[in-house]
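Novice: Single-letter residue listing:
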Amino acid sequence: MALDSSKTTGFKYVGTRPDRPDGLDKVTGRAKFGADAYAPGMLHAAIKRSPHAHARIVKIDTSKAEAMEGVKAVVTRADFATGIEGEFGNILENVMAGEKALYDGHAVAAVAATSALIARDAVKAIEVEYEILPHVTDVDAAMQAGAPVIREGAADSSVPEGLHPNIVRYYESGHGDVEAGFAEADLVIEDHFLTEATHQGYIEPHACLGTLGTDGKGELWCCTQGHWYVQKVCAALLDVETSQLRVTASEIGGGFGGKTTVFIEPVALALSRKANRPVKLVMTRAEVFKASGPTSSTSMDVRIGMKKDGTITAAQGTFRLQGGAFPGAPCEMTAMCAFAPYDLKHVHQVGYDVMTNRPKQAAYRAPGSPMAAFAVESVIDELCNKLGLDPIDTRLKNASREGTRASFGPKWPRIGLVETLEAAKAHPHYSAPLKPGQGRGISCGFWFNHGGETAVSLALSEDGSAQVAVGTPDIGGSRASMALMAAEVLGIPYEDIRVTIADTATLGYNEISHGSRVTYASGLATIKAAEDAVQKLCARAAAKWGIPEDAVYWEDGYAKPSGPNAGEFEPLHIGDITATMGATGGPICGHFEATPEGAGVSFATHIVDAEVDPETGKTSVVRYTVVQDAGKAVHPTYVEGQFQGGAAQGIGWALNEEYIYGEDGRLQNAGFLDYRIPVASDLPMIDTVIVEVPNPGHPFGVRGVGETSICPPLAAIANAVSAAAGVRMRQLPMRPSRILEALESAVDG
Amino acid sequence: MKYYKPATFEEAVALAAGADGVTRILAGGTDVLVQLRSDIVTPDTLIDIKAIPGTHDITRTGAGGWRLGVAVTGAEMSEHAELVRDWPGVVEAMDLIGSTQVQGRATPVGNLCNASPAADSVPAMIAAGAVATVTGPDGSREVAVEEIPVSPGKTSLAKGEMITALTLPPRGENGGDAYLRFIPRTEMDIAVVGCGVNLRVKGDVITEAHMVLGAVAPTAVVVHAAADALVGRTLDDDALQALADLAEASCNPIDDKRGTIKFRTHTAGVLARRAAQIAYTRAKGDQA
Numbered sequence: 001m002a003l004d005s006s007k008t009t010g011f012k013y014v015g016t017r018p019d020r021p022d023g024l025d026k027v028t029g030r031a032k033f034g035a036d037a038y039a040p041g042m043l044h045a046a047i048k049r050s051p052h053a054h055a056r057i058v059k060i061d062t063s064k065a066e067a068m069e070g071v072k073a074v075v076t077r078a079d080f081a082t083g084i085e086g087e088f089g090n091i092l093e094n095v096m097a098g099e100k101a102l103y104d105g106h107a108v109a110a111v112a113a114t115s116a117l118i119a120r121d122a123v124k125a126i127e128v129e130y131e132i133l134p135h136v137t138d139v140d141a142a143m144q145a146g147a148p149v150i151r152e153g154a155a156d157s158s159v160p161e162g163l164h165p166n167i168v169r170y171y172e173s174g175h176g177d178v179e180a181g182f183a184e185a186d187l188v189i190e191d192h193f194l195t196e197a198t199h200q201g202y203i204e205p206h207a208c209l210g211t212l213g214t215d216g217k218g219e220l221w222c223c224t225q226g227h228w229y230v231q232k233v234c235a236a237l238l239d240v241e242t243s244q245l246r247v248t249a250s251e252i253g254g255g256f257g258g259k260t261t262v263f264i265e266p267v268a269l270a271l272s273r274k275a276n277r278p279v280k281l282v283m284t285r286a287e288v289f290k291a292s293g294p295t296s297s298t299s300m301d302v303r304i305g306m307k308k309d310g311t312i313t314a315a316q317g318t319f320r321l322q323g324g325a326f327p328g329a330p331c332e333m334t335a336m337c338a339f340a341p342y343d344l345k346h347v348h349q350v351g352y353d354v355m356t357n358r359p360k361q362a363a364y365r366a367p368g369s370p371m372a373a374f375a376v377e378s379v380i381d382e383l384c385n386k387l388g389l390d391p392i393d394t395r396l397k398n399a400s401r402e403g404t405r406a407s408f409g410p411k412w413p414r415i416g417l418v419e420t421l422e423a424a425k426a427h428p429h430y431s432a433p434l435k436p437g438q439g440r441g442i443s444c445g446f447w448f449n450h451g452g453e454t455a456v457s458l459a460l461s462e463d464g465s466a467q468v469a470v471g472t473p474d475i476g477g478s479r480a481s482m483a484l485m486a487a488e489v490l491g492i493p494y495e496d497i498r499v500t501i502a503d504t505a506t507l508g509y510n511e512i513s514h515g516s517r518v519t520y521a522s523g524l525a526t527i528k529a530a531e532d533a534v535q536k537l538c539a540r541a542a543a544k545w546g547i548p549e550d551a552v553y554w555e556d557g558y559a560k561p562s563g564p565n566a567g568e569f570e571p572l573h574i575g576d577i578t579a580t581m582g583a584t585g586g587p588i589c590g591h592f593e594a595t596p597e598g599a600g601v602s603f604a605t606h607i608v609d610a611e612v613d614p615e616t617g618k619t620s621v622v623r624y625t626v627v628q629d630a631g632k633a634v635h636p637t638y639v640e641g642q643f644q645g646g647a648a649q650g651i652g653w654a655l656n657e658e659y660i661y662g663e664d665g666r667l668q669n670a671g672f673l674d675y676r677i678p679v680a681s682d683l684p685m686i687d688t689v690i691v692e693v694p695n696p697g698h699p700f701g702v703r704g705v706g707e708t709s710i711c712p713p714l715a716a717i718a719n720a721v722s723a724a725a726g727v728r729m730r731q732l733p734m735r736p737s738r739i740l741e742a743l744e745s746a747v748d749g
Numbered sequence: 001m002k003y004y005k006p007a008t009f010e011e012a013v014a015l016a017a018g019a020d021g022v023t024r025i026l027a028g029g030t031d032v033l034v035q036l037r038s039d040i041v042t043p044d045t046l047i048d049i050k051a052i053p054g055t056h057d058i059t060r061t062g063a064g065g066w067r068l069g070v071a072v073t074g075a076e077m078s079e080h081a082e083l084v085r086d087w088p089g090v091v092e093a094m095d096l097i098g099s100t101q102v103q104g105r106a107t108p109v110g111n112l113c114n115a116s117p118a119a120d121s122v123p124a125m126i127a128a129g130a131v132a133t134v135t136g137p138d139g140s141r142e143v144a145v146e147e148i149p150v151s152p153g154k155t156s157l158a159k160g161e162m163i164t165a166l167t168l169p170p171r172g173e174n175g176g177d178a179y180l181r182f183i184p185r186t187e188m189d190i191a192v193v194g195c196g197v198n199l200r201v202k203g204d205v206i207t208e209a210h211m212v213l214g215a216v217a218p219t220a221v222v223v224h225a226a227a228d229a230l231v232g233r234t235l236d237d238d239a240l241q242a243l244a245d246l247a248e249a250s251c252n253p254i255d256d257k258r259g260t261i262k263f264r265t266h267t268a269g270v271l272a273r274r275a276a277q278i279a280y281t282r283a284k285g286d287q288a
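So the protein sequences, as listed, match chains S and R.
Read left to right, the first sequence gives residues 1 to 749 (full-length UniProt numbering).
Read left to right, the second sequence gives residues 1 to 288 (full-length UniProt numbering).
It is worth saying that the hints were derived from the structure and are not from the lab.
Just so it is clear, CB atoms sit at the ideal spot from N, CA and C, and this is done for glycine as well.
Mixed in with the good hints there might be a few duds.
Simulated crosslink set (DSS-like; lysine-lysine; CA at most 30 Å straight-line) [said to hold, decoys possible]:
#1 R/2 to S/64
#2 S/536 to S/12
#3 R/2 to S/124
#4 S/64 to S/7
#5 R/154 to S/124
#6 S/124 to R/262
Chain S is faced by these chain R residues, among others (derived, beta-carbon under 8 Å) [claimed, not checked]:
#7 50
#8 100
#9 102
#10 140
#11 184
#12 258
#13 259
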């Protein structure tokens, strides 16, 4: 019988708050990030990018660049594999333009030279002749008849006949009869909402160091959320065998979903293959904004009916997502998350994935969900205001619970939405008095969470310490949580465990660190790998004592005989067993490989107080409380950090962050000066409440926490700002000028 | 690109006068280096004036004003208690620029010569009556700060000329200045609108008034009529409204990614009122 250490209480290590193992490296600058790698003979690369939003590439003349002293290689699309279709085909098209430049910043060529300055100058010497085409950057405009077609034939079979070719995917789901539901309502509100694209805003630009020989063998060091995925994509784009390319993930200075795909790595490898030298490629901040993935912008219509007692009778939403010049905007996610928090008899949701002349959208923390919550939770707030209902009581009345049929189909297992609402209602924040000019907003939010392919290996050392190799880059303190979970099973101190993010040659395939999956899936695999090792330790003890293996059990780091019938033996400490393991059967390791499918969904409720200066329209967020179900908080400090980080990014998205395009289709604010993420002084202390409703799909009850925290903020802040300003804000960002305009039209109207 | 680090202004002026192509003077470099990195400017000649003796000094003039060397940074100004006591508005305006790190490098002379319409220190310096010493091949002249920028990115300095010092006048009795800017965030941003006000009072009555707006026209706007509106009055609601109306009427802004014409014009009036109230409180000797 396999050892089973499942439990939801009585933890010794899980739930404590030790220092993170990578902490000292990070605060002393010793940690190696993407741009910190060097190799003998290394070249520096730079990318030539289109200045046009939409243009046919007539001719690329690289001769002047190639003739420059110090230039060792120039590549264009001709240097990549051909005949690739589907997802990888789109990545290739994004990594290096083919026939057309599809957005301002689209790569068209690249140079490797002996210095970064020479590479920069050589890029300027590349001459590209363009035939400029009409462009479109707005989602609603891109769907209209007559809008410029970004790429013919990009739509999949989900799209109904007769829609514009820029609509590349269509999603629809729901149940009941919404019109009948609306007829039962005492009040029906329908509103139109808009959100602008925002960037993940990670502090570390994309960076890599690649080597690829003419023998098809390569090494790649890069900053990524998933190096097995990078390996697979690069191998395909360069037509080499996957296993011949070893990819190592650097430390990561933030990803938030934006580093789940590939932008520059194949370019560095192509240049390396051509120059026969290692090539380093580091994006500038402007390139990060122009050519790595922001999130989708949206245009949304939401209609909800409510009875006077707060019962929601029906809900309907249409969600149009702009995803840049490629398919992939998460319209299904937006539609599925929209009404997920509520138990609805009649519900219907539709999503459109729409292409424009903008960079390919990439995942950004719960992709698609925050915008849906903004629209839906704003309408619920309006209904509560008009019907004189308490916003938390109303949400409790309609809340999804275990057994409720979800808005997108399945029945909910054990979920923790009600618990977050009750904790929010009980929090002192909810009943604290507001000052004049302030308003309070509430919102719920939902994210699925994910399992995914996972492999973990654990090796014991002679001294009884343990090394754990995981394949999921540590984007949120996961080395600490893995060590805590391994310590719990092995019964040895947290400090005796070293967790390493292994390279692609060391473990089986590991899916990207995305979908809030790491603490869940790599955590589960770490627990199982530790159990595997414990079983082997017990077997060694059993052999030494000459008793059956199942007569030995493991407790607090010791093998013990399981009872009087097993015999009287002194418990054997892990170190006693490992000290002689070479002579008793060889090294002791544990491992686990699976695709766990029990990732528990997570819900959150946020409370926000905002203050609006009615003379300038400037908003200050003065108090913020995050309440979220973590299942089980393995390292509560890092769970709180995830809660706070989601809220902080949500504040930026709600108030001031936006992609600003000119009439010419060019991005006007490709830098942190005019792309306004919040600075520290813009944020209040963000209070957190960890709710723990254990996930039955994880041995310790863990649910992912990284993404749900960004689902409620847009709506919660919009509801707070609308209350403070006395006017409903239906467009993000709620920058000062927009609030003043809304105040003015409210007076005029 | 050639880089020089002269030891005297004579040497610096000779280098600038003799240089071909694009020349940039390097003090803190917080504008020049950023522009260089973003391919906005590629100078043929860089003249670093930080090593010239005296350029880091803040000294009392004989008349009782303040002379600021060209390499004096925002941080050095903020830490100079006497300068802060005399010209809190000028110091605050400079202090609003950039981060703590940038404050350690950025200079008011650089802010002036960059000639951005949104430069924070410039409206405050103009309101204070600051004067620049301009030195060129033909010697030195004193130029009012408001006459240095002529359009976005352009100054009135001739080839070979450079600013070699800034002088703030003596504060005198019963005076107070203030500068406010509007940004959507709390810091690390560029003014959407800026407003500097400098007042003198006798009792509650205003005897001298200067108001200058930033980021609402190609160069800082000196609202000369502010004196007519305020002198001889107390800063009551009518005076504040008159000042706000004047500010709005003086704006000639553009629509851009940082703000609309309408928003800038409206906010200029709001800031005029708020900055005047702070300057008035300071002039009366109260805490602001």
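Novice: Take the C-alpha atoms of residue 2 of chain R and residue 124 of chain S, compute the straight-line distance between them, and say whether it is at most 30 Å.
Specialist: 21 Å, holds
Novice: Go through the hint on residue 102 of chain R and say holds or violated, using the shortest Cβ distance to chain S against 8 Å.
Specialist: 12 Å, violated
Novice: Holds or violated: is the Cβ of residue 50 of chain R closer than 8 Å to a Cβ in chain S?
Specialist: 24 Å, violated
Novice: Under the criterion of a CB-CB separation shorter than 8 Å, is residue 184 of chain R in contact with chain S as hinted?
Specialist: With a minimum Cβ separation of about 5 Å from chain S (threshold 8 Å), the hint on residue 184 of chain R holds.
Novice: Given residue 140 of chain R as an interface hint, is its Cβ closer than 8 Å to any Cβ of chain S?
Specialist: With a closest approach of 35 Å, the residue 140 of chain R hint is violated.
Novice: Is the interface hint satisfied for residue 259 of chain R? The criterion is a beta-carbon contact with chain S at less than 8 Å.
Specialist: 6 Å, holds
Novice: Given residue 100 of chain R was flagged as interface, is its beta-carbon under 8 Å from a beta-carbon of chain S?
Specialist: Cβ of residue 100 of chain R sits 12 Å from chain S, so the hint is violated.
Novice: Can you confirm whether the C-alpha distance between residue 2 of chain R and residue 64 of chain S stays at or below 30 Å?
Specialist: 25 Å, holds
Novice: Does the structure keep residue 536 of chain S and residue 12 of chain S at a Cα separation of 30 Å or less?
Specialist: Given pair residue 536 of chain S, residue 12 of chain S holds - Cα atoms ~22 Å apart, limit 30 Å.
Novice: Is the interface hint satisfied for residue 258 of chain R? The criterion is a beta-carbon contact with chain S at less than 8 Å.
Specialist: Hint on residue 258 of chain R: holds, closest Cβ of chain S at ~7 Å, below 8 Å.
Novice: So if I understand the rule, the pair passes when the alpha-carbon distance is 30 Å or less; does residue 154 of chain R with residue 124 of chain S pass?
Specialist: Roughly 26 Å between the alpha carbons, so the hint for residue 154 of chain R and residue 124 of chain S holds.
Novice: Is residue 124 of chain S close enough to residue 262 of chain R, meaning Cα to Cα at most 30 Å?
Specialist: The given pair, whose Cα atoms are some 39 Å apart, is violated under the 30 Å limit.
Of the hints listed earlier, those the structure fails to meet are numbers 4, 6, 7, 8, 9 and 10, in rising order.
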